[in-house]
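> What follows is each chain in one-letter form.
Protein chains: 4
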Amino acid sequence: MGLLEGKKGIIFGALDEKSIAWKVAEQCVAEGASITLTNAPIALRFGKIQELGDKLNAEIIPADATSLEDLENLLTKSMETLGGKMDFMLHSIGMSFNVRKKRPYTNLKYEWMQKTFDVSAISFHKLMQSTVKLDAINEWGSVLALTYIAAQRTFPDYSEMAESKALLESFARSFGFHLGAQKKVRVNTISQSPTWTTAGSGVQGFKEFFDYADQMSPLGNAPAEDCANYCVSLFSDYTRYVTMQNLFHDGGFSNMGMNTAVLEWAKGLKD
Amino acid sequence: MGLLEGKKGIIFGALDEKSIAWKVAEQCVAEGASITLTNAPIALRFGKIQELGDKLNAEIIPADATSLEDLENLLTKSMETLGGKMDFMLHSIGMSFNVRKKRPYTNLKYEWMQKTFDVSAISFHKLMQSTVKLDAINEWGSVLALTYIAAQRTFPDYSEMAESKALLESFARSFGFHLGAQKKVRVNTISQSPTWTTAGSGVQGFKEFFDYADQMSPLGNAPAEDCANYCVSLFSDYTRYVTMQNLFHDGGFSNMGMNTAVLEWAKGLKD
Amino acid sequence: MGLLEGKKGIIFGALDEKSIAWKVAEQCVAEGASITLTNAPIALRFGKIQELGDKLNAEIIPADATSLEDLENLLTKSMETLGGKMDFMLHSIGMSFNVRKKRPYTNLKYEWMQKTFDVSAISFHKLMQSTVKLDAINEWGSVLALTYIAAQRTFPDYSEMAESKALLESFARSFGFHLGAQKKVRVNTISQSPTWTTAGSGVQGFKEFFDYADQMSPLGNAPAEDCANYCVSLFSDYTRYVTMQNLFHDGGFSNMGMNTAVLEWAKGLKD
Amino acid sequence: MGLLEGKKGIIFGALDEKSIAWKVAEQCVAEGASITLTNAPIALRFGKIQELGDKLNAEIIPADATSLEDLENLLTKSMETLGGKMDFMLHSIGMSFNVRKKRPYTNLKYEWMQKTFDVSAISFHKLMQSTVKLDAINEWGSVLALTYIAAQRTFPDYSEMAESKALLESFARSFGFHLGAQKKVRVNTISQSPTWTTAGSGVQGFKEFFDYADQMSPLGNAPAEDCANYCVSLFSDYTRYVTMQNLFHDGGFSNMGMNTAVLEWAKGLKD
Numbered sequence: 003m004g005l006l007e008g009k010k011g012i013i014f015g016a017l018d019e020k021s022i023a024w025k026v027a028e029q030c031v032a033e034g035a036s037i038t039l040t041n042a043p044i045a046l047r048f049g050k051i052q053e054l055g056d057k058l059n060a061e062i063i064p065a066d067a068t069s070l071e072d073l074e075n076l077l078t079k080s081m082e083t084l085g086g087k088m089d090f091m092l093h094s095i096g097m098s099f100n101v102r103k104k105r106p107y108t109n110l111k112y113e114w115m116q117k118t119f120d121v122s123a124i125s126f127h128k129l130m131q132s133t134v135k136l137d138a139i140n141e142w143g144s145v146l147a148l149t150y151i152a153a154q155r156t157f158p159d160y161s162e163m164a165e166s167k168a169l170l171e172s173f174a175r176s177f178g179f180h181l182g183a184q185k186k187v188r189v190n191t192i193s194q195s196p197t198w199t200t201a202g203s204g205v206q207g208f209k210e211f212f213d214y215a216d217q218m219s220p221l222g223n224a225p226a227e228d229c230a231n232y233c234v235s236l237f238s239d240y241t242r243y244v245t246m247q248n249l250f251h252d253g254g255f256s257n258m259g260m261n262t263a264v265l266e267w268a269k270g271l272k273d
Numbered sequence: 003m004g005l006l007e008g009k010k011g012i013i014f015g016a017l018d019e020k021s022i023a024w025k026v027a028e029q030c031v032a033e034g035a036s037i038t039l040t041n042a043p044i045a046l047r048f049g050k051i052q053e054l055g056d057k058l059n060a061e062i063i064p065a066d067a068t069s070l071e072d073l074e075n076l077l078t079k080s081m082e083t084l085g086g087k088m089d090f091m092l093h094s095i096g097m098s099f100n101v102r103k104k105r106p107y108t109n110l111k112y113e114w115m116q117k118t119f120d121v122s123a124i125s126f127h128k129l130m131q132s133t134v135k136l137d138a139i140n141e142w143g144s145v146l147a148l149t150y151i152a153a154q155r156t157f158p159d160y161s162e163m164a165e166s167k168a169l170l171e172s173f174a175r176s177f178g179f180h181l182g183a184q185k186k187v188r189v190n191t192i193s194q195s196p197t198w199t200t201a202g203s204g205v206q207g208f209k210e211f212f213d214y215a216d217q218m219s220p221l222g223n224a225p226a227e228d229c230a231n232y233c234v235s236l237f238s239d240y241t242r243y244v245t246m247q248n249l250f251h252d253g254g255f256s257n258m259g260m261n262t263a264v265l266e267w268a269k270g271l272k273d
Numbered sequence: 003m004g005l006l007e008g009k010k011g012i013i014f015g016a017l018d019e020k021s022i023a024w025k026v027a028e029q030c031v032a033e034g035a036s037i038t039l040t041n042a043p044i045a046l047r048f049g050k051i052q053e054l055g056d057k058l059n060a061e062i063i064p065a066d067a068t069s070l071e072d073l074e075n076l077l078t079k080s081m082e083t084l085g086g087k088m089d090f091m092l093h094s095i096g097m098s099f100n101v102r103k104k105r106p107y108t109n110l111k112y113e114w115m116q117k118t119f120d121v122s123a124i125s126f127h128k129l130m131q132s133t134v135k136l137d138a139i140n141e142w143g144s145v146l147a148l149t150y151i152a153a154q155r156t157f158p159d160y161s162e163m164a165e166s167k168a169l170l171e172s173f174a175r176s177f178g179f180h181l182g183a184q185k186k187v188r189v190n191t192i193s194q195s196p197t198w199t200t201a202g203s204g205v206q207g208f209k210e211f212f213d214y215a216d217q218m219s220p221l222g223n224a225p226a227e228d229c230a231n232y233c234v235s236l237f238s239d240y241t242r243y244v245t246m247q248n249l250f251h252d253g254g255f256s257n258m259g260m261n262t263a264v265l266e267w268a269k270g271l272k273d
Numbered sequence: 003m004g005l006l007e008g009k010k011g012i013i014f015g016a017l018d019e020k021s022i023a024w025k026v027a028e029q030c031v032a033e034g035a036s037i038t039l040t041n042a043p044i045a046l047r048f049g050k051i052q053e054l055g056d057k058l059n060a061e062i063i064p065a066d067a068t069s070l071e072d073l074e075n076l077l078t079k080s081m082e083t084l085g086g087k088m089d090f091m092l093h094s095i096g097m098s099f100n101v102r103k104k105r106p107y108t109n110l111k112y113e114w115m116q117k118t119f120d121v122s123a124i125s126f127h128k129l130m131q132s133t134v135k136l137d138a139i140n141e142w143g144s145v146l147a148l149t150y151i152a153a154q155r156t157f158p159d160y161s162e163m164a165e166s167k168a169l170l171e172s173f174a175r176s177f178g179f180h181l182g183a184q185k186k187v188r189v190n191t192i193s194q195s196p197t198w199t200t201a202g203s204g205v206q207g208f209k210e211f212f213d214y215a216d217q218m219s220p221l222g223n224a225p226a227e228d229c230a231n232y233c234v235s236l237f238s239d240y241t242r243y244v245t246m247q248n249l250f251h252d253g254g255f256s257n258m259g260m261n262t263a264v265l266e267w268a269k270g271l272k273d
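Chains as they are written, first to last, in the numbering used here: chain A, 3 to 273; chain B, 3 to 273; chain C, 3 to 273; chain D, 3 to 273.
Treat the hints with caution; some may be incorrect.
Just so you know, same-sequence chains aren't split out, so a pair can sit in one copy or run between any two.
In silico lysine-lysine, DSS-like type, Cα no more than 27 Å apart, as pairs [unchecked claim]:
#1 Lys50 / Lys20
#2 Lys104 / Lys186
#3 Lys20 / Lys186
#4 Lys79 / Lys185
#5 Lys269 / Lys209
#6 Lys135 / Lys185
#7 Lys135 / Lys111
#8 Lys103 / Lys50
#9 Lys87 / Lys135
#10 Lys20 / Lys117
No lab work stands behind these hints, which were simulated from the structure alone.
Throw the hints in and build the complete structure from the sequences for me.
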């Protein structure tokens, strides 16, 4: 019997088979859940989510996560399709307009930063607010978002995404109080190792950044498959009293101060 | 000889004699600094900042802190007036539009939230970005913003200001890296006790909230005068290597788990 | 199929059916694990652990957790009995000699404090060191200890146990590095809500302390059964890359700043 | 007029002119304080503290910081010599017996660990407990101890000193509550950058460790002189409401996640 037998959920952000969200969707269904999938219309066009939907027998409901109308439609359709309220939701959305356009952090364009925050963080509040409005989540449900340790410490190349993640984690705490007190629903974020996704690996300097974290972490970087397993455990009834937390899934990176393996590795880097 | 002898700075956010910023301005001048004062045009109209300017012989330069143009004008005029680059700046600005209009946290109006973030947090990035653009700060300068522990823990009535403060503190860390590496300038936030300002004391439930924190803290809530002293120490050369930190000035509140004094006090509250 | 099918482990600290460790033992066996049980000789005499051993078909191996000899004997016997190396271990041991003898924190007896540390924290290092010496744990094994938030924030009545838990959590981080780098083994602590165990409920003022935390936490205090489930998830393969972490299992307590429910409850307390 | 005019204090741990404590003593006297100096009898023999005492006109009172009798004698003599209760105290003591004897962290000798804790951390509790017993500190006094970030994150070579510092910081929080509530006295720790002291620089691998932190920190490692200035600010009346805090004085190291300057530096290391 699966860990999520009989549970219903929504997975945001699956693009292709390298996406963490893709693997979470697969694992949730393998554990007995029924799900819907969603992504932005443009991502649906360029990604392979239809392939995933077919494989998992999951309906795909396009939604611009910055649009309350789209989010409400997503929740309403998911409840119709799956035959009831949601038990879990994964928010896995992030995009920096200033990074994409190579604006340095000390010379940001603020309209772009607002868009970055809207897509990457405020969408999470909007999702939860829509859930309250439509009474779309069951008691003891579980809401998760993926985040990164740049919310706590500075990785200069991560730029305004540091602030996006700080916002996201704050929304998890604040809304976690309300959903907890009203509905026994828990809200957490998973702070995941750098991961070889299509989005990540295109960024300049990503390999060095990935390898640095991999060398620093006693277990190495956490793979996407393991992140999917961790999400499953946090959606399951094994973790019902964990809420308002930011949970590091990073092979130990977050609590390392120095690891001589990093120095050995760096010595071998070519200039 | 004062701690800030020969230093130049800008103080944001003085409204009346209860404001922390008001007391910081007084203390900085008493310690030998020369300063300019700024606030939003509307605050200038309703507050008593002119009185403070007269007393301290400090020029008042109006600025909407969300306007890059106004911030650049403020920096340019301050450099002219004071005869050189800045050594310190205090950001003491916060305002929540959803709280003011009594929208609950689970039913926010997002346009208002964007305005809240813009006024309360993004203005801090804009200030630092303008400083870089105009090369307006001296080496070993010190930049401070006032924040609140709601950035780390949930105080439900604080609503979207929790996220504003999380953003603000993240900007301090991120920009602190750049200003530090380029200019030896440090950037920190002070996380201050609840304070009896004109802004704060008008909020419903503020007295209970203030007394709760006061009872919890072994030293009691930190008064505004002491916050001003702490700001002076952080502007001075006694703290040159403290950077990218969030510093609690709260009589110990942040590290208390439980204090039976709170229970004794609460028993005496009238319904 | 259970989450711990085929896994072998040792559970420290089961005294009677109210103990968290008792419930962890039951849940681990229900999930397919085979285990041994251990406690101090005196606890074996006064508790009901034999009843638990019979029920779970688990051998009971007495051990004074401050004795390297006893710990080595425990590991050796466990490997013999269970037919291989360990996959998981739970450390659930805590006892304050100064609290028991009502010495105030500002007038501690240091010999007792040393004993408190030895029993409550250093035993955890000794267990891991013995595990290394005897090569007694499998790759991708999981080691857990139970802790309390007094390691981060002050609860005056908790006295020297605050320091014991700070020590314990530091051992988890430090040894987690070594076990991770050498053996892919993870080490974490669970910071659990106040729990109605036989040990806890005997302490003066415990009810008030329990109720305070219960009112503060949006989900209420986490029950022992749920803590057992959480331990199972952390022993399972769903959490393989979580290491060197302190994980709050507390219904949200750790990230609350203020909850007016606490004030409502406190008003009703009789003097 | 100095920041510490009229204040009285005790400085532990000055060995020679490279010691942080040495520079703190000099700065305190330069700021108007009168002080006594103390160190262990053996350190007095090998160091140059007499030279410092002569220069500062400060009495030297030997004390084994693990001995309650010696600490009480130190406090009594200091009150006699300086003519009143203390206003500030600096604890700057640390020594690891397992590190000195090159025992690896996974094979510690526990008697040595107990001694390490006694010298490096429990001595701090003993000092504060003696202060309470003898009523030896004035209201609004300030107690400081020097610590290191290994209390939060793992630096494998730091070994059991990680636990010593975790203990030390926990004592500061716990005792800070009691001294705050009873006496308005504040207790804090300063978490200082790696520093070129005689003690530090003798350790194998220290140069690499120092340079790593220096490259990671946007301001570079904090020098001992600046640490002394920071101590002065925390002893002064500018920081009266800061208590139970661990304060990083590290050029930003603690909040850096990655700095490419580290990689550039590491590439240049010779094997």
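> So, for every hint listed, does it hold in this structure?
Here is how each hint holds up against the structure:
In this assembly of identical chains, the alpha carbons of lysine 50 and lysine 20 lie at most 27 Å apart only when taken from the same copy (11 Å versus 51 Å across copies). Taking the closest pair of Cα atoms, lysine 104 and lysine 186 come within 27 Å of each other only across two copies (25 Å); inside a single copy the shortest separation is 43 Å, beyond that limit. Taking the shortest alpha-carbon separations for lysine 20 and lysine 186, only the inter-copy value of 24 Å comes in at or below 27 Å, while the best intra-copy value is 33 Å. Only within a single protomer do lysine 79 and lysine 185 lie at most 27 Å apart by alpha-carbon distance; the minimum there is 21 Å, versus 47 Å between protomers.
When the C-alpha separation of lysine 269 and lysine 209 is checked against a cutoff of 27 Å, the pair qualifies both within a copy, at 16 Å, and between copies, at 16 Å. With identical chains, the CA atoms of lysine 135 and lysine 185 are at most 27 Å apart within one copy only, with a shortest distance of 13 Å there and 49 Å across copies. In this assembly of identical chains, lysine 135 and lysine 111 lie within 27 Å of each other by CA distance solely across copies; the values are 13 Å between and 34 Å within a copy. Within a single copy, lysine 103 and lysine 50 get their C-alpha atoms as close as 25 Å, which meets the 27 Å cut-off; across copies the closest is 44 Å, which misses it.
Taking the shortest alpha-carbon separations for lysine 87 and lysine 135, only the intra-copy value of 13 Å comes in at or below 27 Å, while the best inter-copy value is 51 Å. Taking the shortest alpha-carbon separations for lysine 20 and lysine 117, only the intra-copy value of 25 Å comes in at or below 27 Å, while the best inter-copy value is 37 Å.
Comparing the model with each earlier hint shows no violations; every hint is respected.
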